[in-house]
Amino acid sequence: MFRWVLHLDVDAFFAATEQRDDPALRGRPVAVGTGVVASCSYESRPWGVRTGMRLSEARRRCPHLIVLPGDYRKYESASRQIIARCKEVAPRVEVVALDDVYLEWFGSKSVQSSARELADQIHSEVGLNVSMGLAGNKLVAAVATQQVKENKARGRTDCLAVVPHGTEREYLANWPVEVLPGIGPKAMQILEHVNVRRVRELAEMPTSVAVRLFGQRGLPLLDLARGIDPREVRLDRTPLSVSRCTSFDPAEADTKLLTAMLDYLLERAAWGLRRSHLATRGIRVMVRYADLRLAENRIAVESTDDEAILKKVARSRFEKLCGRRIPLRLLGVELSPLGPINSQGTLFDAEQQERRRRLLSCKDEIRERFGFLSVTNGSSLELRARLEYDRDNFRLRTPCLTR
Amino acid sequence: MKTQCHREGLLAACQLVSAAIPAKDLKPILKNLKAVAGDGRWTLIATDLEVGIRLDVQGLQILEPGEAILPAARLVSILREARDAEVLIQADSDACTVSGTTSPVEFEMASEDPAQFPDFPEFTDERYHEISAGSLREMIRRTSFAAADETARYTMTGVLFELEGDSAKLVATDGRRLALAEGIATSVGGHTTRGFTPIVPKKAMALLERNLADDPEETIKVCIRPNDVLFRTGRAVIYSRLVDGRFPDYRGVIPKKMTTTMTLNPAAFHAAVRQAAIMTDNDGKRVTFSFTPQKLTLRAQGAMAGRSKVELPLSDYDGTPVDINFNPDYLTDMLKILAPDAPLELKLIDAAKPALFRSGEQYSYLVMPLT
Numbered sequence: 002m003f004r005w006v007l008h009l010d011v012d013a014f015f016a017a018t019e020q021r022d023d024p025a026l027r028g029r030p031v032a033v034g035t036g037v038v039a040s041c042s043y044e045s046r047p048w049g050v051r052t053g054m055r056l057s058e059a060r061r062r063c064p065h066l067i068v069l070p071g072d073y074r075k076y077e078s079a080s081r082q083i084i085a086r087c088k089e090v091a092p093r094v095e096v097v098a099l100d101d102v103y104l105e106w107f108g109s110k111s112v113q114s115s116a117r118e119l120a121d122q123i124h125s126e127v128g129l130n131v132s133m134g135l136a137g138n139k140l141v142a143a144v145a146t147q148q149v150k151e152n153k154a155r156g157r158t159d160c161l162a163v164v165p166h167g168t169e170r171e172y173l174a175n176w177p178v179e180v181l182p183g184i185g186p187k188a189m190q191i192l193e194h195v196n197v198r199r200v201r202e203l204a205e206m207p208t209s210v211a212v213r214l215f216g217q218r219g220l221p222l223l224d225l226a227r228g229i230d231p232r233e234v235r236l237d238r239t240p241l242s243v244s245r246c247t248s249f250d251p252a253e254a255d256t257k258l259l260t261a262m263l264d265y266l267l268e269r270a271a272w273g274l275r276r277s278h279l280a281t282r283g284i285r286v287m288v289r290y291a292d293l294r295l296a297e298n299r300i301a302v303e304s305t306d307d308e309a310i311l312k313k314v315a316r317s318r319f320e321k322l323c324g325r326r327i328p329l330r331l332l333g334v335e336l337s338p339l340g341p342i343n344s345q346g347t348l349f350d351a352e353q354q355e356r357r358r359r360l361l362s363c364k365d366e367i368r369e370r371f372g373f374l375s376v377t378n379g380s381s382l383e384l385r386a387r388l389e390y391d392r393d394n395f396r397l398r399t400p401c402l403t404r
Numbered sequence: 005m006k007t008q009c010h011r012e013g014l015l016a017a018c019q020l021v022s023a024a025i026p027a028k029d030l031k032p033i034l035k036n037l038k039a040v041a042g043d044g045r046w047t048l049i050a051t052d053l054e055v056g057i058r059l060d061v062q063g064l065q066i067l068e069p070g071e072a073i074l075p076a077a078r079l080v081s082i083l084r085e086a087r088d089a090e091v092l093i094q095a096d097s098d099a100c101t102v103s104g105t106t107s108p109v110e111f112e113m114a115s116e117d118p119a120q121f122p123d124f125p126e127f128t129d130e131r132y133h134e135i136s137a138g139s140l141r142e143m144i145r146r147t148s149f150a151a152a153d154e155t156a157r158y159t160m161t162g163v164l165f166e167l168e169g170d171s172a173k174l175v176a177t178d179g180r181r182l183a184l185a186e187g188i189a190t191s192v193g194g195h196t197t198r199g200f201t202p203i204v205p206k207k208a209m210a211l212l213e214r215n216l217a218d219d220p221e222e223t224i225k226v227c228i229r230p231n232d233v234l235f236r237t238g239r240a241v242i243y244s245r246l247v248d249g250r251f252p253d254y255r256g257v258i259p260k261k262m263t264t265t266m267t268l269n270p271a272a273f274h275a276a277v278r279q280a281a282i283m284t285d286n287d288g289k290r291v292t293f294s295f296t297p298q299k300l301t302l303r304a305q306g307a308m309a310g311r312s313k314v315e316l317p318l319s320d321y322d323g324t325p326v327d328i329n330f331n332p333d334y335l336t337d338m339l340k341i342l343a344p345d346a347p348l349e350l351k352l353i354d355a356a357k358p359a360l361f362r363s364g365e366q367y368s369y370l371v372m373p374l375t
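Protein sequences appear in the order of chains A and B.
If you want the numbering used here, it's the 1-based position in the first sequence plus 1.
If you want the numbering used here, it's the 1-based position in the second sequence plus 4.
If you're looking for bench data, these hints aren't it; they were derived computationally from the structure.
Heads up, some of the hints might be wrong.
BS3-like, lysine-lysine: derived pairs with alpha carbons at most 30 Å apart [as the list claims (entries may be wrong)]: (1) K313/A to K207/B; (2) K31/B to K321/A; (3) K75/A to K153/A; (4) K313/A to K6/B.
Simulated restraints, written as ranges between beta carbons of each label pair [unchecked claim]: (5) G324/A to Q366/B: 33 to 43 Å; (6) E154/B to R198/A: 47 to 57 Å; (7) E154/B to K321/A: 15 to 25 Å; (8) T223/B to K321/A: 25 to 35 Å.
Ideal Cβ placement from N, Cα and C applies to all residues, glycine included.
Please construct the entire structure, taking both the sequences and the accompanying hints into account.
Next comes the structure, spelled out in structure tokens:
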């Protein structure tokens with residue numbers, strides 16, 4: 002019985018959604034983002050605009066580029082529609098990101114036509130184009146998707162690339178080694194040092210050499226280079242971390258506003274944590290100064306999903322971090338490592354804890370029904386006075402990523 | 005000051021008092037020991053300003069009496085490495101020299117003015133309690149492990165030391181489990197701790213426990229005052245400030261009436277808990293205990309590890325079946341320090357209420373379950 006993994010990626014997701022909703026944008030170079038390009042339409046690519054590029058640079062390269070701030074919730078709803086379609090056609094679906102999904106079938110003969118039907122369905126119902134790679138495992142499927150994208154950039158229109166079973170190694174051979182997961186700048190440096198640039202060259206490397214170069218990671222890396230990828234398509238992905246961050250332009254120096262923002266970000270992160278029934282055992286506060294220098298501080302906490310505890314810790318960390326008397330360009334929090342909620346009973350403050358728990362779940366319920374900002378903490382009032390908002394959210398600097 | 009001493013005896017004494025030296029850099033002088041030589045003996049002193057010890061060292065040949073400051077870590081290393089049975093120590097406020105009596109070695113270190121070394125009170129009170137060393141040591145061993153490590157629960161970082169009439173009670177808790185050991189003590193001069201909750205820091209308890217190892221028959225004097233405590237053993241005086249704050253109301257959390265009771269063999273139960281715990285992972289340490297009149301079944305399942313199931317026959321079970329989850333660490337912490345053969349009584353109510361273990365009349369251990 003053959004296993005088939007389909008990797009599906011929405012083309013220029015944020016930009017394409019904007020073009021879908023506004024006919025005036027169709028056929029024109031569009032970029033979504035604030036500060037940096039979060040997504041850019043195919044029309045902008047011949048000009049050299051790329052994801053991750055600073056907007057000023059993108060505008061310089063493509064003077065008639067249309068730049069939009071974007072709206073995360075719009076993308077989330079499009080993504081939800083796409084995932085629902087995927088779940089109708091495949092028994093196992095893994096959602097990696099809003100526009101990045103793996104599907105898995107076993108032994109079905111008509112997978113190719115199902116895949117094409119899925120793409121047509123998404124195109125007609127959601128109004129977005131997708132690129133898909135179909136192969137025996139996740140790695141090869143993802144690389145095949147990349148091939149489709151590269152073909153599209155050259156003007157081809159086919160949305161599916163298929164790699165038959167048994168040809169994985171051959172298929173990967175000519176790709177640059179960066180396509181393999183786990184090959185970052187550091188591994189690249191090591192590989193370049195031994196003159197390995199293509200997957201083929203890595204696949205042919207003797208085991209002993211790979212182990213010497215990469216230690217324990219050497220063997221799995223060789224397997225990947227030979228087209229062997231044991232990773233499963235996982236139904237429920239437990240998130241590894243929950244993070245929320247925002248940027249300031251111009252850079253912000255008002256401590257009152259910054260601490261209010263810190264509280265707000267944590268409140269949202271803790272809400273996300275409770276929604277996925279998880280607790281965190283650590284917290285990281287990060288800032289980027291106006292001179293672009295980064296600073297961060299992390300601390301372990303006792304397993305919790307209560308923002309009151311996190312806020313207290315985060316504030317003390319934040320005070321330590323902001324010692325440079327320079328305004329901030331970015332402020333963020335990250336909660337990790339995550340784990341199940343600590344259900345250890347306590348001897349002395351059981352009643353108090355129960356009351357706290359009831360208060361939190363009550364607050365969450367109100368927010369679920371009437372929007373996040375239907376309950377505002379005292380510390381966030383500062384933001385109400387200073388920022389635009391709707392029932393769910395303050396209008397932050399990066400709307401395309403504001404959850 | 006000039007003294008010829010028996011190397012191994014002095015080494016043991018230095019190691020004993022070194023336990024009081026602060027781990028952090030509080031004040032440079034506290035990294036030293038103070039030695040007072042006179043009357044054919046030394047008094048070695050170490051302190052971190054919270055906890056202090058004054059230990060008598062006998063069997064020395066005092067050639068010149070006096071006081072000296074000795075660098076603790078270096079002195080212990082020298083005494084450990086030296087090959088002579090006897091060493092000669094000479095010191096003044098500028099330098100201290102240790103030399104071998106038979107081998108040609110000599111170590112010279114900078115010293116300080118002994119008057120600068122902080123002092124702490126002597127044991128002079130006429131009112132105190134007397135407890136036998138063996139019993140006190142056992143009580144400390146059975147409780148102090150349960151005290152909290154984190155400073156967030158500050159008042160739980162020590163052991164409650166209650167002395168009333170002829171009873172001594174030591175209680176320690178971290179808010180999730182609680183250990184209570186009782187013993188017999190004799191009040192002298194009407195000494196009592198009634199009316200306040202003296203909390204002795206964990207460090208002082210550990211230091212005291214090490215000093216009780218010599219002779220279990222020895223009588224220890226304990227004098228607890230509103231802000232500090234003094235212990236007098238045969239050779240040493242240990243001083244400690246009390247932890248500031250109120251100890252939680254431990255009497256209120258020990259259930260009066262429990263519905264299910266049974267007797268366990270500690271060794272077999274300990275083995276079963278350890279076996280079941282193999283399949284827990286650090287993210288969620290949880291073992292499910294299913295108690296029925298015939299047997300106890302322990303189950304654990306780790307996210308990545310796998311599953312375990314261990315059964316244990318039960319006798320003299322009285323009550324209804326109970327399914328309850330515990331963090332296995334909280335049980336093994338207790339089972340480690342109990343005698344493996346003395347019967348252990350377990351009382352339960354239900355899956356959400358604390359479980360009470362009792363070993364004899366003198367020891368209770370209360371654990372909150374995982375819900």
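Consistency of the hints with the structure:
With a C-alpha separation of about 28 Å, the suggested pairing of K313/A with K207/B holds against the 30 Å cut-off. For the proposed pair K31/B and K321/A, the alpha carbon gap of about 25 Å is at most 30 Å, so the pair holds. Note on K75/A and K153/A: the hinted pairing holds, with a Cα-Cα distance of about 25 Å set against a maximum of 30 Å. A hinted pair counts as satisfied when its Cα atoms are at most 30 Å apart, and K313/A with K6/B does not qualify at roughly 56 Å.
Roughly 54 Å separates the CB atoms of G324/A and Q366/B, a value that falls outside the hinted 33 to 43 Å. Between E154/B and R198/A the beta carbons are some 51 Å apart, a value that agrees with the proposed interval 47 to 57 Å. Taking 15 to 25 Å as the suggested C-beta distance range, the pair E154/B and K321/A conforms, at roughly 19 Å. Checked against the given bound of 25 to 35 Å, the beta carbons of T223/B and K321/A, roughly 51 Å apart, lie outside it.
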